[in-house]
Amino acid sequence: MSALLDVEAIEVSYGAAQALFGVSLAVGEGEAVALMGRNGMGKTTTIRTICRLMRHHGGHVRFAGQDIGAQAPFRVARMGIGLVPEGRRCFGPLTVRENLVAAARPGEWTLDRVHKLFPRLHERHGQAAATLSGGEQQMLAIGRALMTNPRLLVLDEATEGLAPVVRQEIWAAISALKATGLSILVVDKSLKELKGFADRCVVLEKGESVWQGAPGDLTDEIATRYLGV
Amino acid sequence: DPLKVGMITTLSGGGAGLGIDVRDGFMLAVKQSGDKEVEVVVEDDQRKPDVAVQLADKLVQSDKVDVLTGIIWSNLAMAVVPAVTAQGKFYLSPNAGPSQLAGKGCNKNYFNVSWQNDAFNEAAGAWASENGIKKVFLMAPNYPAGKDMITGFKRFYKGDVSAEVFTKLGQTDYAAEIAQIKASDADVVYFFLPGGMGISFIKQYSGSGADKPLMGPAFSFDQGILGAVGEAALGVKNTSHWSKDLDNAANKAFVESFQKEYGRLPSLYASQGYDTAQLLLSAKAKASVSDADAFRTALEAADFASTRGDFKFAPNHHPIQTIYMREVVKEGDVVTNKVIGVAMKDHKDPYGAECKM
Amino acid sequence: MTFPLFLEQVLNGLQLGMMLFLMAAGLTLVFGVMGLINLAHGSLYMVGAFACAGVAAATGSFWLGLVASLAAAAAAGALVEVTVLRRLYDRDHLDQVLATFALILIFSEGTRWLFGSFPLYLDIPKALSGSVSLPGGITYPLYRMAIIVAGLAVAVGLFGLVSKTRLGMRIRAGDADREMIAALGVDIDRLYTIVFMLGAALAGFAGALVGAIQSVQVGMGEPVLILAFVVIVIGGIGSIKGALVGALLVGITDTLGRFLMPWALGFVMDASSAGAIGSAIASMLIYMLMAVVLALRPGGLFGSAA
Amino acid sequence: MRAETLFNLVLVGGLLAVALIAFGLEETFTITLVTKVAIFAIAGIGLNLALGQGGLVSFGHAAFFGLGGYAVGILSSHAQNYEPLMEWPFLVEGTTFMPVLWLVAVLVSGIAALAIGAISLRTAGVYFIMITLAFAQMIYYFAISWPAYGGEDGLSIYVRNGFPGLNTLDPLSFFLLVFAVLLLVVFLAARLQASRFGMTLEAARQNALRVTSAGISPYRVRLVAFVISAMITGLAGALYADLNRFVSPAMLSWQTSGEIMVFVILGGVGRLAGPIAGAALFVMLEHFLGGLAEHWQFFLGLALLGVVLFARGGLAGFVLKERGRG
Amino acid sequence: MADPVLDLRQVTKSFGALVASDHVDLDLMPGEIHALIGPNGAGKSTLIKQIAGELRPSSGTIRFNGEDITAAPPARRATMGLARTFQVSALAPEFSALANVMVAVAPRAGGVFRFFGRALSDRALTEPAMAALQRVGLENRAEVPVSELSHGERRQLEIAIALAMKPKVFLMDEPMAGMGPDGSQRLTRLLADMKAEAPILLVEHDMDAVFALANRISVMVYGRVVATGTADDIRANPLVREAYLGGDDA
Ligand SMILES: Nc1ncnc2c1ncn2[C@@H]1O[C@H](COP(=O)(O)OP(=O)(O)OP(=O)(O)O)[C@@H](O)[C@H]1O
Ligand SMILES: Nc1ncnc2c1ncn2[C@@H]1O[C@H](COP(=O)(O)OP(=O)(O)OP(=O)(O)O)[C@@H](O)[C@H]1O
Ligand SMILES: [Mg+2]
Ligand SMILES: [Mg+2]
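Chains as they are written, first to last, in this note's numbering: chain G, 3 to 231; chain X, 61 to 417; chain B, 6 to 311; chain L, 42 to 367; chain Z, 732 to 981.
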């Protein structure tokens, strides 16, 4: 399996404060990778670096065989990275439908298909995104990323704020997406679901990738040591 | 003896054309005199009164000038002149003559070489009465100079006033006023709208289908403005103490040399700048500015060939001069003014009586 | 006062409103949609008027001048956006204020440098001179009719562009969250350049059209700027419909105020003071209107509440 | 923080030094310029309180600057003409005594700000910018067309007002007086910035919801800040009237509001001494460029543009960042 | 039985055709944690906003310690003792974590209209603020600007602020959201402590936490409270299982 995304020993800083000290991970074509770690360990920073919203000063980021270190964010997105950001960041003044349409690029994912995945978004299509409930916004953020027809879907806090049943739906949806061959990189706090879903896990600790492996190998000892459970 | 002149005038922003004309007229006269002893320091007041005051301070304190001049606008003059004359400096006004400085607030060191603000309007009022105009529509911006203009007009006007309309300072659209004019029973519209306001009004008026003749003081029909309104202004009558076709030798020489030097027709303001410099040079030839009394006497004599022909000072140091009636005509390709008669001979401002020097 | 005169004044008010809308249209786009406080909007308006006057004088054709005004203002807009404003989107609004204030100085003095200090000549085209007769015995200048039509066309076009097209959605999305729209694959930099050019071209267009019946001179842009801001703030920022309604309201208030205030005061004082005082109140009227509208609806008439 | 203190001291000290050196060299006009800088700086510090700390971008501070100026102009012209301001219901006479004039200027601006702020603060963001502008414009047009005190022509104060024990006509003495006021204002602003009130105001700027849910009404905090801000700017207007011995509606115009704002942004928004740096740079540019070239405003524009583009956070931000790294 | 601290009667809020709160009756007793759960968009946050005063109910009344506060402005409710945390963090980003807490302490420690003293060295502010940070485990991040805190840390800070207000009621909108597994566990312990100080109205989707903490649970669906009961009642309620909990969860 050739790696679609290949992150190699990246170092990233906020001003003078370094946040990542060599994070490496790879996501293969069609693979689902879970990024884990306690609060403040650098998951979001890693994801932002992949999407070029932050610059690294050490290491490499490659996507589909290209070094994307010098690319503008929009180019990376067009190459096929779809982001569901932490905190959702829906376009508040725009309606639900406009949020989706603004992101649209040609491909299998269309407005109809997203509506089918999240019927709630269909119901609320004319409402300003800012007034959606938290969970509705999360659905919108995922739908919006799908509208870009990505090859790699990156979800930061995929199910934050969702009702258990919706959470299950989302996991089901992401699993279905995975089944279609979409590659996925996901951050979430629910260990159980991540383990059930991911092909591989990467654990971050204080800005370093300290452990990688199949979910089955994620022992309780590792979980207690790095994830605090 | 050397003579140092400080010129504060408007060289930037919307009203810069006037300042530039005054400056160019003034400098032309200085250049023609060939007098190497005259030094002129020019400063830009940006049409802001506070800046003008500070520049006056600078010219007096740092540059140590003997004479100041150059201010275009009444409100700036009101800010600067009292302070400058109080410090014993001479001020020669090449434009703007607020009534206060002609009356109660007159000063022995203040000379107005242009006109008292009311002059053109008084002459226009007199002319209107003599030429059988029964009813006028008066219009001016709502600020002191505008109100003075209207008062001035009414002073010698015997007929009726159909309406008095005050517009907003800086107004650009006159559709509402034009509708009122069309609906009124006036014979003539007399208006004072300086600068861009006048340009907008005339352009809009000419396209509106209104047919009442327009009249006004020269400011709205100055050469710089006629260039912008073009034929829309044809036929408009306006009062002025100067016109480029005034038939005297000094004026002919001035018009020709100005055109040669700067490549454009001189305006009213240029002639005033030119006359101001001429007056100053004439005084310098007679007395040293270090002897203030002698210099003042030399100024009072006004012993120079004015572009407007006869020129002398009243006791309040304001001009006694003839005001002409001009008409906007087309000469070849150029829209310009032509003198059609005298509106008021030897006009003298009415405020002098209050002046105690 | 007669009734036809009153009607004519209402018409004048509407017409002034359309003119204001035309002047504000570009600003609404750039300010409401891109979130950029562009004080130099008035300068672009001036650039348009000067370009039109310059080209019309050289070629004798107003229409060529109009084309030139669009081109010149768009080019100036693109230049300014690429060299200056682009660096300021992620900064504080106040940096934009200072930068565009600096641009006003540069444009004004630059224009004076090129064209001199005297107002330029610009006349309405022959095809649009003359007047039309309306029912009720009102004659109305054809050119002003043309401005109304142009204003309506711009309103409809802009409304469609901003609210109906994907381009419009992306611009608005970019305003809400620039980083996020880039992360979704939209080249927001290029998009903003295009929008800014469009806004600038609209300013130039207004400058040329309105300049033909006003004074084409340095400094003509600043009063327009203030009025345009008043208009879009009354209407609610970001709303084209709001800008249109705001413009008409301001136009009618201003026209009728100028006309009715002195008339009404004439009943209680002599004509001369009524004229002066009435006009003083009239000149404050649109600002009063704005204050009242905002005090009652802090987000403007059609804006989302601030 | 220490770098900033040093920066502030250098600025304030520099102002004094320039004035004293100018006095030594008998460059009287330079003293006038420095006085102007100090006065604009006071106006800017006033605005900075609302704008920098409170995030209240007032585009109408010229109203307070002008009201402060007119308070001085009106009172002293009455005093100079020996005409009482009013005789009924009680006698109010003019005065030429600066402390009283200042007090009146501060009160008048404060009261105006209370009224304007009470309405304006219902709005936020750009709406606030415009509604403050609207009020300032109303006052401006009123001043232009109201004939009693000169209208557009303005109002002259023939002799500068007096301050006990000081010859205010002497440029250096007047400068020192203004400078003392500036020091006082800087001191007050510094204390205010660090105080609970300053902290709360700042928090309200960053997140009003945060403040509300802590049980504080952001509206009240902002209104108080707006009033204090206006009072300081009004005081500057009072001083400016005496500097020029003249007041006019130009002080009330939107260009003046814009300029005060430019001082603040140029110097560094929210920085204590930012307005001093901004005013100094602006006045310097205006003075030197004005003498250099006919189209000096073109170059002024370029210079300002340079500052925005290359000095993030204004002069203060620029200088202090450099210092912090070194 | 003691009087409820918070008492909602027939509270209704509609947005156009959508009824986000539909005649809601709800109360909060002293010493309890009352959890409010329900599908996304059920109207939980809307209800919290009405209690906090950010939204005005279309009809119905809200009483706080017996006093009708339906129309009171939000700041006043906060002064009366209602503290809330936000679903999406509402913090002053340029301030340090400590200063954010201090702002909340000030109104209860002498008021905010003090213009002279240095706030940062005012121990009446810093000490309670520091104590609150300690309780949520942020004491080592006290001086860090909020903009540099990670998402999870911000959530912790929100709670510290609520704690520092020493309120009579906590309104918490999804405090667990964004917390890592370890964070959730620690927060669960903290909330269990906090209810001794003041009762908590808790909106939360983390069922582990809800079932571990709540004395009572109300379920909201389409703006209506459809069930109220103990954890076991709710877990057993087939309607809730279907509409909210889903197949296997909890
Ligand atoms: N804008 C910023 N400026 C400075 N430091 C930051 C900034 N954002 C994050 N950090 C720091 O970088 C580190 C990593 O943060 P990051 O947001 O990547 O963590 P995370 O693993 O996503 O945590 P969480 O689960 O809480 O979201 C943290 O120590 C955080 O304080
Ligand atoms: N201002 C508004 N205008 C229109 N609809 C609104 C507005 N505010 C909220 N809504 C709608 O009201 C419903 C309730 O929203 P609310 O935020 O209270 O849900 P919630 O129960 O908190 O959901 P979640 O668990 O996802 O946060 C949602 O469908 C939302 O879209
Ligand atoms: Mg994160
Ligand atoms: Mg919610």
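Be careful, since some hints might not be right.
Footprint (simulated), chain L over chain B, 3 or more residues, beta carbon under 8 Å [to be verified]:
| no. | stretch |
| --- | --- |
| 1 | 100–107 |
| 2 | 113–122 |
| 3 | 130–137 |
| 4 | 167–179 |
| 5 | 292–306 |
In short, the hints are calculated from the structure, not lab data. For every residue, glycine included, the Cβ atom is placed at its ideal position computed from N, Cα and C.
Each hint tested on the structure:
{"no.": "1", "hint": "100–107", "verdict": "holds (count 6)"}
{"no.": "2", "hint": "113–122", "verdict": "holds (count 5)"}
{"no.": "3", "hint": "130–137", "verdict": "violated (count 0)"}
{"no.": "4", "hint": "167–179", "verdict": "violated (count 0)"}
{"no.": "5", "hint": "292–306", "verdict": "holds (count 9)"}
Violated hints, listed in ascending order, are 3 and 4; each of the other numbered hints is respected by the structure.
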